[in-house]
Amino acid sequence: MNRTDFRIAVTGMNASDNPGPGVAMIRAIRDSGEFEGEIIGLSYEPLDAGVYMNGICDHVYLMSYPSEGSYALLERIREIHSKTRIDVLMPTLDAELQAYIAVREELNAMGIKTFLPTMDGLELRSKSKFNRLSETMGISVPKGKSVSDVSALLQAGIELGYPLMVKGQFYDAYMAYSHIEAERLFRIISSKWGLPVVLQEFIEGDEYDVVALGDGVGGLIGAVPMKKLQLTDKGKAWAGVTVNDPMMNAFVADIMRKLKWRGPCEFEIMKKRSDGSYYLIEINPRFPAWCYLAAGAGQNLPWAVVKLAMGTDVAPFGAYEIGMMYIRNSIDHIYPLGEYRDMTTLGEIHRKANDGGTHGKKEI
Amino acid sequence: MNRKRYESLALSENGFLFDTETGFTYTLNETGRDILQDLIKGDGPQEIAGRLAEIYDVPAETALNDSTLFINYLKTINLVPQDEDNGTAGHE
Numbered sequence: 000m001n002r003t004d005f006r007i008a009v010t011g012m013n014a015s016d017n018p019g020p021g022v023a024m025i026r027a028i029r030d031s032g033e034f035e036g037e038i039i040g041l042s043y044e045p046l047d048a049g050v051y052m053n054g055i056c057d058h059v060y061l062m063s064y065p066s067e068g069s070y071a072l073l074e075r076i077r078e079i080h081s082k083t084r085i086d087v088l089m090p091t092l093d094a095e096l097q098a099y100i101a102v103r104e105e106l107n108a109m110g111i112k113t114f115l116p117t118m119d120g121l122e123l124r125s126k127s128k129f130n131r132l133s134e135t136m137g138i139s140v141p142k143g144k145s146v147s148d149v150s151a152l153l154q155a156g157i158e159l160g161y162p163l164m165v166k167g168q169f170y171d172a173y174m175a176y177s178h179i180e181a182e183r184l185f186r187i188i189s190s191k192w193g194l195p196v197v198l199q200e201f202i203e204g205d206e207y208d209v210v211a212l213g214d215g216v217g218g219l220i221g222a223v224p225m226k227k228l229q230l231t232d233k234g235k236a237w238a239g240v241t242v243n244d245p246m247m248n249a250f251v252a253d254i255m256r257k258l259k260w261r262g263p264c265e266f267e268i269m270k271k272r273s274d275g276s277y278y279l280i281e282i283n284p285r286f287p288a289w290c291y292l293a294a295g296a297g298q299n300l301p302w303a304v305v306k307l308a309m310g311t312d313v314a315p316f317g318a319y320e321i322g323m324m325y326i327r328n329s330i331d332h333i334y335p336l337g338e339y340r341d342m343t344t345l346g347e348i349h350r351k352a353n354d355g356g357t358h359g360k361k362e363i
Numbered sequence: 000m001n002r003k004r005y006e007s008l009a010l011s012e013n014g015f016l017f018d019t020e021t022g023f024t025y026t027l028n029e030t031g032r033d034i035l036q037d038l039i040k041g042d043g044p045q046e047i048a049g050r051l052a053e054i055y056d057v058p059a060e061t062a063l064n065d066s067t068l069f070i071n072y073l074k075t076i077n078l079v080p081q082d083e084d085n086g087t088a089g090h091e
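If you're matching them up, the sequences are chains A and B in order. Each step along the first sequence adds one to the number in numbering that gives the first Met the number 0, with nothing skipped, and position 230 is 229. Each step along the second sequence adds one to the number in numbering that gives the first Met the number 0, with nothing skipped, and position 9 is 8.
Chain B extracted, bound-state conformation:
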């Protein structure tokens, strides 16, 4: 996977995201910020979902489904590389 894309994402603690490559800005809520932060760190979808399930006290499958949806959305707006694992491998 091409992780270079993440180098141009300036994500603030308060969820403000500036894409230095395109100039677009975004505002993420706490959960969105955490997921993107984890992706930037290099965590996989299972680890991200596991952490979400623990924080929000939801079943692991729900956390995985929700984070997968969000990661797919980030792919559609080209914030996340297209080949980033979204957690659906082995679930289809």
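Extracted from the complex, chain A is given alone in its bound form:
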């Protein structure tokens, strides 16, 4: 892995006020002190800011959208691989995971290693099935209902009581204080993210987010919990600090033991104000955009994923530094137009010699 021609492809290169995790993961990999290879950024938009940042990507390729399916994805990866060989591929976005998991074997056959969740695991944490985790695995989650029509919404509202959370299948979560409000949110969310819409009991308390890496057999390779200090108007973390709540850390280890999660994830946890009990309110099946904080706090989880993908044993991380803080910032970078031109016309950028594809080479 310390070969200079070792290449890691990373997705999620958008770096807006609601960024993808790609740039953070690349920074962590480059900070590992063990990586001397090249990074290939896989981008969905020519204007993804991570594409242009200095010191992030050595090569960049434009991708087709995940909605085009796993066949289109595989063909695009095959094409990229033939030009610029990929050793490890790290998808970072919720919407693309299913397609990547579906073609994992084909990628492996091409020599492209991954360390991804299983399809079963991915399904288990889907918002529409999330409330079952309490019954099936004994994980403390808020009561929840998936609803597909307004009469079911009314009934679920009576059962769960108000206020409650109204959530889309993939994104968006809003609090509703009444049935009228819940119905309005149901219509907005279902038109955006489809059915069903998920209703979840509202737990009053303080929210914590934990970036974690599971070994797939119940072990926790590492986990760093964070308290958000500042939010954007979309509710995304703009600043945060690592915390140390031993009870919550034990709760996280217990979740991982029960879920047997494989790969990166983020747990969203609510500590109930009235009695200090913990509830898992969401599992995101990938690292969060703030995962660079984990590396800064002593657990370089993105680099650990690379090692796991390559089949290297990774010992669980022990402690992490408490009170490490991150703050995002927003500054303008200036670039000549040339690379944007290449992204829009050729769909690729090369900042290093591009002579490492698999053209003419026999794949094993």
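EDC-like cross-link-like pairs, simulated, lysine to aspartate or glutamate; straight-line CA separation at most 16 Å:
1) A/K259 with A/D119
2) A/K271 with A/E206
3) B/K74 with A/D274
4) A/K227 with B/D18
If you are wondering where the hints come from, they were derived from the structure by calculation, not from laboratory data. Remember, it's a predicted structure, so these values are computed and weren't measured experimentally.
Could you slot chain B onto chain A? The hints should help.
Okay, now just chain B, sitting in the frame of chain A:
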């Protein structure tokens, strides 16, 4: 009393307080910092009030009333264990 709660309070000399368990931060003035420092050390309310009365040259009862108010406030925001003696025992 459960003194474990104090282990998660990182109080700086300048009064900046970081609760490592919750992630919340606070800024205390000099008096607040001294009272909390004394509580963390294990001093009781009478000792704390006595020290305040001496430093600020106020009657002991005034110092005890003021420190009691402050300790009660720290309890309401869960920075101090609920069973911490706030100095009201024997005063009611």
